[in-house]
Structures are given as C-alpha cells and as structure tokens.
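Novice: Sequence:
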Amino acid sequence: MADNAEIAEVTKQVQDVILDEHGQPLSKNALKKLEKEKLKKERAEKDALARAAQAAAKASTTVDYSKNFYGKQAINQSADRPGRYHERLVDINASRAGEKVWIRARVQTSRPTGNKMCFFQFRQSSATIQGLVVFDETAISKQMVKFAQNIPSESIVLVEGTIAKPLEPDASRPEADFEREDAQFSKVNLHTRLENRVFDFRTITNQAIFRVQAGVCKLFRDFLDSKGFMEIHTPKIIGAASEGGANVFKVKYFDTDAYLAQSPQFYKQMVVCGDFERVYEVGSVFRAENSFTHRHMTEFMGLDLEMAFEEHYHEILDVFDELFVYIFKGLEEKYAADLEIVHRQYPFEKFQYLPKTLRLEYKDAVALLRENGVEMGDFDDLSTEIERKLGQLVKEKYHTDFFMLDKFPLAVRPFYTMPDPKNPGYSNSYDFFMRGEEILSGAQRIHDADLLIERAKAHEVDPESVKHYVDAFRMGAPPHGGGGIGLERVIFFYLNLGNIRRVSLFPRDPKRLFP
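Quick note, in my numbering, the sequence shown goes up one by one and the last residue is 552.
Treat the hints as calculated values from the structure; they're not laboratory data.
Take the hints with a grain of salt, since some may be wrong.
As the list claims (entries may be wrong) - Derived DEER-like restraints, expressed as beta-carbon distance ranges: (1) D415 x D294: 36 to 42 Å; (2) T229 x D355: 44 to 50 Å; (3) H331 x K109: 51 to 57 Å; (4) K371 x G108: 40 to 46 Å; (5) D237 x E359: 33 to 39 Å; (6) E386 x G135: 17 to 23 Å; (7) K434 x F385: 20 to 26 Å; (8) D237 x K434: 38 to 44 Å.
As the list claims (entries may be wrong) - Straight-line Cα separation of at most 30 Å, DSSO-like style, residue types lysine-lysine; simulated pairs: (9) K183 x K137; (10) K387 x K426; (11) K371 x K202; (12) K137 x K202; (13) K494 x K287; (14) K137 x K109; (15) K264 x K366; (16) K109 x K70; (17) K264 x K287; (18) K104 x K73.
We put the CB at the ideal spot given by N, CA and C, even for glycine.
Construct all of the structure, not just a fragment, from the sequences and the given hints.
Specialist: Rendered as structure tokens:
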C-alpha cells in the first residue's frame, strides 16, 4: 500500500492538470494560449497602476496652491483702505533680516533660472533691492514662479517678502555686473530720451540729477530766508517787454497784445519800492532767442533776488558770494550720494571754488585775455567762445571754476542799469561764471525816474510803454539791485553734463515744444 507522501504527490499532479470543458486535459497549444492571456492581463493591470500613479503625480503638480497670492492687480479706484504698511527700499537693510514686509516698486530687471526660480531687481526712485522667487512644495507653486518670470520690466508690483541676506551667489552680485553684461546694447541718444521723457525719468541718474536740482532750490531759499528775504510771485503775462528788446514771446491777450516775461525784473524793483526791501522769486523765465545751443532754452527757471542796500552795490555781491558758497557746500554735504550717482554715468571733474569768491573787473579780464592772444576792444561784449577762454585762464591762474566779473560796459547792459559814476563807459553791473560760462547777470538798478527815462530813450524804449514801472520811482525809492540766476545752468555746469536739456524736466528750445 502506497505511503502518505506518494498519495500527496499524485493528488498535486491531478490538481495541476487543467481540464477543458469536456473534462479532458488541455493540449500543449491550449496551455500556451492560456499563458499568453494571463501575461497580457498582468501587463494591463501593471500599466493601469502606472498610469494612475502618473496621474496622481501630475495632479499634485497642477494643483496651484498659491493661486490666492499672486496675479494682476485690479485698478485701484480707492474702493477701500486695507491699512497695509509699505516699506521704502531705502529703509530696508541686512540688520532687519527675517522681517516680513510689503513693498510697492518697479521691476527694473528679472532673470529667470529654469522653471523654479527668478531673480528680480526692484526699484523705488534711485533705491534698488534684489528679490528672489523660488518654488517650494508648500508656499510657492510652479505656476506662481512662471507668472513672476513673465512680469514685464518697468511694471509696478506689490510684493510681500522676507528680508534676507543673499544665500545664492547670483543674488549677491552687484547690479553693475548685470549692466556690463548688457553693454552690447547701444546707448540712447539725447533726442530719443527727450521724446520718451517719462520713461527716461526712471533712470537712477535722472532721479539723482533732479534731486540735486531740487536741492539747489532748497538751499537758495534757506539761505535767503536766513538773511531776511521774502519770497514773492510776480506775473508772467505782462504788458511790455521787461528787457526792452525784441527777444520776447508775444501772445494774444483778449483784444490786445501781451508778452511772456523775460524776467521778473520790473516787478522785483516795484516791490522793493513798496518797501519790501529784500525779496526773491523762483519762477519761469521766457526768452524768444532762436539759439539752438548747448546752454540756451526758451523757457527756464530763474532764481531771482532784489534788495535795497545801504551804501554800495557791492553789498549785493557780498550776498551772492555767500549764497553760492552756501549752495556749493550744501550740495557736497547733503547730496553727496546723488552727486556720486551722476558721476558714475557722466564722469566730471570736481567743481572748484574759493571760500571767498574771486572778483575781477571787466577791464582786468580784457587785459588777461589780451595777454593770452585774444583780440578785443575795451567795451566789446564777451562771446561764448571768449567766456570759455576767460574761464580757462582764470582756472589756471586762480584755481577756481567760479568767479564774478564786475563793471561791465554800459552799452551792453539793459537800460535800467546804473552807470559807473567814475567812468561813464562802464556800469555797476556784474556777471557770475561757472566753468567759464555765465550763470548770473545782475546790477545796481537806476532808482531815479528822470535818469531811468533818459536811459530808456537811449535804448529806444518808449517810456510810456513802461509807465507803471517808471512811476514806481517817482515817490522815492531806495538804492537797490539784484540779479537773476539760471537754475538749469547752475546744475548743468556744476555737474558738467554737456547739454542743458539734461537738467530740464521738459526742455523748451526753438525746435522743441513737446512733450
């Protein structure tokens, strides 16, 4: 009788036999076919599991868990006021690392790195800061990174971020490195800049230039306020040409003609006659001079002052002397960072001036020019070329870019200029020069009505056309004088920018009336 092991083996063999529908064992071909079907089913199940895994993985990456934290801002129509505080970039520094802040700034540059990272340079005025958007699985989705990478340059963005010291090497690179990389792009000429002025304003250099300009105005006001001057505002539409010349803009004023003021000259003097003895004004000046040069504009800002003096018109020169030294020192002390920004784009030799401004008389300047080969008469006016030559000679001899020239020939000055009592061919008038070019013109004014009429006739100015001006002196007027400074010229020559249009927001010249 067979043992138990033999019985078990026989039973297993019987169980392993696959029978067909008639109870008979399958043939070898049928068994092969059955095996193929089994393998096919297993592969299908495996593929289904793989597809399900892929779908799950894809779903996990397409879920935008950051969708509520980015996007295009709706137009701000002041519908509400969330009270969110926005930091100024100038107030953000490494000592505040770890703080979460909001900023509103422009995108100056952006540099995508793959599909998971983007570097930014944000800008407010001339202040910049670098930013980094980087994908992570909990806070910043790939969709958010992609959106950030496609933000156009110069867009205004609202950003919430954490202040951090740069960890990525690229994030700590100075912006100058990026600028060198972009050096293959051509420089933009001045005409193109002026045609696209608003965009041009956004450059760091222009931001600095116009802060310096604002600084000169502030220093001008601060100094004169401290000396007892009062700011005034005079008309710019006037009934007669203030300089008595042809270089005026005539405008239709209802049923008569009017003119745009060449200077506040008449009104400054009339105010002084009204016993406001020290006054100044910051205002527009219009000159219809068809001069398309590096230093002329048809509209510019005038810094004017007028003052009564006690004994001698040189008291006015003393005030101007102190004023300019105050302005130059103030720029050096308070606007050094802006000057450095400008210097990086427009390298210039540092402006030199003396603690006590050099004073030359006109005849001495003529003698100096003649000694150096310039031919000119005693009473000839200075051309632009001769002014520059004089500035060069003064710089070589006296080591200063700034000086004043006193006692100009009477024939080249306006009719209201006081003649020199000792030499009637000259006058009590003066100009100031920066880097060899004139930036201020002034004089002692005639304060006697009869002499004023006489001089007006000598200049072919009809006294009746300036009757209100002349009448101001008939009831007594103090001896007085003053001058007008061209604001743009001061900035232009101090920074040595090559063209005065660089320091005018929207310059006006014979060929430019827009924008």
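Novice: Taking each numbered hint in turn, which are not upheld by the structure, reported in ascending numerical order?
Specialist: 3, 6, 16, 17 and 18
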